[in-house]
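Peer 1: Assemble the complex: chain A is given as a structure, and chain B must be docked to it using the hints.
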Amino acid sequence: MAYFLMIVLFAIGLTVDTSASASKVQNVTTVVRVYYEGSGSPASGANIYNHNTNQLLATTDAFGMASVTTPAGITLRVVEPGYGGEVAYIHGFDRMEDDGAMVAWTI
Amino acid sequence: MRGLYITGIGWLKVAGLVLWVTLCLWTSYDSAATSVPDAMESESEDLVELGRRIFSDSTISKKGIACSNCHQPANSLMDGLRVSFDGLRTGRRNTPSLLTVEAYSVFFWDGRATSLRSQVEGPVFSKAELDLDTGAVVRYMDTASVVCNPWKGSSAWKTRERSHALELFFASLVAYVRTLGIRVDDAEQRNRRVNKDTRLSMGRTIFYGKGGCYGCHVGTWYTDNDFHNTGVYPQPTIIASSYSRTGKMNRRLDYDNGRGDVVGGVQSLFSFRTPSLVRIAETAPYMHDGSMPSLRSVIDFYNRGGDAIPPQKRSLSSAIRPLHLTEQECLALLKFLNAL
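Read top to bottom, the protein sequences are chains A and B. According to this note's numbering, the first sequence is numbered sequentially starting from 458. According to this note's numbering, the second sequence is numbered sequentially starting from 662.
Isolated chain A, as found in the complex (with noise of 0.2 Å):
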């Protein structure tokens, strides 16, 4: 039975540029929390890197969590952690939709 890393993933955007734009994000703090598809349990121990310089950013406790802060607009890799054959890429974004208020995903 194949199982997969489920990423619940909330990012909640905190510096706003307002001379070049109204909604222009400089930087995003994201929370992820990550944990098994089926069983539900957290993954503990599961690397976050910003993909494009492998620059180790944070590791998930014991309930799954971690939270990173980054430039907006970069790609942040998650490692399922110990044998895991799984990564999961989150995509930034650079822009807010609604005013500057939280923007949450629930995968």
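Worth double-checking, as some hints may not be accurate.
[Claimed, not checked] List time: in silico SDA-like cross-link candidates among lysine to any residue, alpha-carbon distance up to 25 Å: (1) B/788 to A/497; (2) B/974 to A/513; (3) B/723 to B/753; (4) B/788 to A/515; (5) B/974 to A/548; (6) B/723 to A/527; (7) B/788 to A/538; (8) B/974 to A/510; (9) B/724 to A/532; (10) B/724 to A/513; (11) B/974 to B/916; (12) B/788 to A/510; (13) B/723 to A/499; (14) B/788 to A/523; (15) B/788 to A/498; (16) B/724 to A/540; (17) B/974 to A/514; (18) B/788 to B/845; (19) B/723 to A/539; (20) B/788 to A/519; (21) B/788 to A/540; (22) B/788 to A/492; (23) B/724 to A/492; (24) B/974 to A/498; (25) B/974 to A/542; (26) B/788 to A/502; (27) B/788 to A/516; (28) B/723 to A/496; (29) B/723 to A/501; (30) B/974 to A/511; (31) B/724 to A/539.
Because the hints were derived from the structure by calculation, they are not lab data.
Peer 2: This is chain B only, laid out in the frame that chain A set:
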């Protein structure tokens, strides 16, 4: 007086008997109280025997597999497959042989374990392998028929069962795995024999010279325990899910980042631990992904300067370049490697 004397001897006998029984009980209790951790440290025969039983017990996992499914004693302690297979799905990497377990200070192809103990925990708790949790290990140690550890039933076992069960489980597996590997003095003896063999001199010269093998394959075990991107053509073996701002997700296959998924830095991408070359002829197929079926194919790979594609090139080892070995030199090197 005679009777009293006899009676006196009788009391002495009784007293002696009581003292002996007391001493036996005390010794027994003391032994039970300390034998589990002591034995774990000394890697006693009992501990090794317990590890041997666990290693090949397929009832341990719900999948019906054991450690010995991939590390087969009759197959150089590997499975001979390109990548591991747990009976349900294929893994992403080649099963390393346990013959050279003593060679390493870091474990797994990506070095994510820094001790044999933490390495052993990997497949036990991995969903991709045995898929146990700590509770399952404790239950197994308490109920499995193959587990007849000598401390089971002792007062120490009963009172400290849970904490001991986990320790005993892993200590016994580590103790057993250590008995499987080639001993360092045996490896040194092999090396001395190979280095004295004049028929291997040409291959040895290439290994230490033009071939550049010794840059990474150093020491008694022919490994530097370090990580290198040698430009093995990447196989898309990783399930990659992509998430966009609209929440859409798609899945595809992606390349194995190797060490780059364990530590940060561009240089770690596509890098894998240098494997030991001791008895390398027995452990085909080769490379982290088992993509090379023979040592000859490995030599040909290095001789042409690897097969790196653009995503790999920014972390490719500087030692990877065409070697320009002649056919005769390739054959001599192959002969040398087969003798290691």
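Peer 1: So, for every hint listed, does it hold in this structure?
Peer 2: Outcome of the hint check:
1. B/788 to A/497: 13 Å, holds
2. B/974 to A/513: 20 Å, holds
3. B/723 to B/753: Cα-Cα ~21 Å, so holds.
4. B/788 to A/515: Holds, at roughly 22 Å.
5. B/974 to A/548: 24 Å, holds
6. B/723 to A/527: The given pair, whose Cα atoms are some 42 Å apart, is violated under the 25 Å limit.
7. B/788 to A/538: With Cα atoms ~10 Å apart, residue 788 of chain B and residue 538 of chain A stay inside 25 Å; holds.
8. B/974 to A/510: 14 Å, holds
9. B/724 to A/532: Given pair residue 724 of chain B, residue 532 of chain A is violated - Cα atoms ~36 Å apart, limit 25 Å.
10. B/724 to A/513: 34 Å, violated
11. B/974 to B/916: Holds - the C-alpha atoms of residue 916 of chain B and residue 974 of chain B are around 14 Å apart, at most 25 Å.
12. B/788 to A/510: 29 Å, violated
13. B/723 to A/499: Holds, at about 20 Å.
14. B/788 to A/523: Holds: residue 788 of chain B and residue 523 of chain A sit about 22 Å apart, inside 25 Å.
15. B/788 to A/498: Roughly 11 Å between the alpha carbons, so the hint for residue 788 of chain B and residue 498 of chain A holds.
16. B/724 to A/540: Since the Cα atoms of residue 724 of chain B and residue 540 of chain A sit roughly 16 Å apart, the hinted pair holds (cutoff 25 Å).
17. B/974 to A/514: It holds: about 23 Å lies between the C-alpha atoms, which stays within 25 Å.
18. B/788 to B/845: Violated. Residue 788 of chain B to residue 845 of chain B sits at ~33 Å, over the 25 Å cutoff.
19. B/723 to A/539: Holds, at roughly 19 Å.
20. B/788 to A/519: 17 Å, holds
21. B/788 to A/540: Holds, at about 8 Å.
22. B/788 to A/492: 13 Å, holds
23. B/724 to A/492: Since the Cα atoms of residue 724 of chain B and residue 492 of chain A sit roughly 21 Å apart, the hinted pair holds (cutoff 25 Å).
24. B/974 to A/498: Between residue 974 of chain B and residue 498 of chain A the Cα gap is close to 37 Å, so the pair fails against 25 Å, i.e. violated.
25. B/974 to A/542: Distance ~22 Å between residue 974 of chain B and residue 542 of chain A Cα, so the pair holds.
26. B/788 to A/502: 14 Å, holds
27. B/788 to A/516: It holds: about 19 Å lies between the C-alpha atoms, which stays within 25 Å.
28. B/723 to A/496: 15 Å, holds
29. B/723 to A/501: 22 Å, holds
30. B/974 to A/511: Holds, at about 15 Å.
31. B/724 to A/539: 18 Å, holds
In this structure, the hints that do not hold are numbers 6, 9, 10, 12, 18 and 24, in rising order.
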